[in-house]
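Here is how the chains run, residue by residue.
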Amino acid sequence: MKILIVDDSKAMRMIIGRTLKQTDLTGYTTTEATNGVEALEKIAQDPPDLVLSDWNMPEMKGIDLLKRVRESGNEVLFGFITSESGPETRQLAMDSGASFLVTKPFTAESMQAAIMPAVS
Amino acid sequence: MPQFATDQKPDSRLIQAHDIKQMTEDLFCSMLSMSLSDTETSANVSVDNSLQAAIRIDGEWAAQMTVLATRELAEQIACAMFGGEPGDLEEQDVQDALGEVVNIIGGNAKGIVDKDCGLSLPCVGPAMELEPGGLRVSFACEGQPFEVCLTEQQ
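Each protein sequence line maps, in turn, to chains A and B. Per our numbering, the first sequence runs over residues 1 to 120. Per our numbering, the second sequence runs over residues 1 to 154.
Just to be clear, a hint being listed does not mean it is correct.
Stated by the list, open to error - Here are the computed lysine-lysine pairs in the BS3-like style, where the Cα-Cα straight-line distance is at most 25 Å:
1. A:K67 <-> A:K2
2. A:K67 <-> B:K115
3. B:K21 <-> B:K115
4. A:K21 <-> A:K42
5. A:K61 <-> B:K115
6. A:K67 <-> A:K21
To be clear, the hints were calculated from the coordinates, so they are not data collected in a lab.
Could you put together the complete structure from these sequences and hints?
As structure tokens, this is what we get:
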């Protein structure tokens, strides 16, 4: 499984990668993008099986990335990992085609609880 | 109870001190594995050799969330996020880490407030004296003071 981690924070990309290793998810590789524009390029060049995206980023927000992906007909599994925890944000994410939303701060348990049902 | 300074009645605020305390403790515990404790006195972070990170919330609710940390604590926070030792990190990494701290606390605060608003990107730089009137919650972390300040704009 190829996982694309999209976050403008290098620290957060590292934390997400580290936390993924603490889950039961196995047999995956990760690549990274720093914003939605870069993520679109990487999705086109090397299609991932799962996208884990922040919401608030420069150049292109995560929700706009998701909309662009879905508009292109790409049904890649997509989840948000974000500090934006309001019900409106969650609803918008789901309505736009996200499978889950993990709220920061997260634990290995909360990440696993969100990701495993989506990938299984 | 955390000490805070405000010139507004506590119950007029959408976010209270205990909300900030909970959000900050959750972050430090679950993501940084760093212990955070209330301070018995309001130990403000000196602006000397300190950093601040701020994030704006704009819309139906307008506010700014600011965190202040000594440079030493900011480096420790960055080490907790990146791994490694303080000497291995660049200034950009330290600012990235502190920016993510305020991003998470600010985002969580936005989630509590049931209003249509958006988050800015974090802005990190040398600490400055905060304007009076905000809700300030002080902590101690690894022997260093750490502050979170919420300023709601009327």
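The hints, checked one at a time:
1. Of the pairs offered as hints, the one joining K67 of chain A and K2 of chain A holds, with about 20 Å between alpha carbons and a cut-off of 25 Å not exceeded.
2. For the proposed pair K67 of chain A and K115 of chain B, the alpha carbon gap of about 23 Å is at most 25 Å, so the pair holds.
3. Under the criterion of a C-alpha separation no larger than 25 Å, the hint pairing K21 of chain B with K115 of chain B is consistent with the structure, at around 21 Å.
4. At most 25 Å may separate the alpha-carbon atoms for a hinted pair to count; K21 of chain A and K42 of chain A meet this at roughly 22 Å.
5. Between K61 of chain A and K115 of chain B the alpha-carbon distance is near 20 Å, which keeps this suggested pair within the 25 Å criterion.
6. For a cut-off of 25 Å, the pair hint linking K67 of chain A to K21 of chain A is broken: about 28 Å separates their Cα positions.
When each numbered hint is compared with the structure, a violation occurs for hint 6 only.
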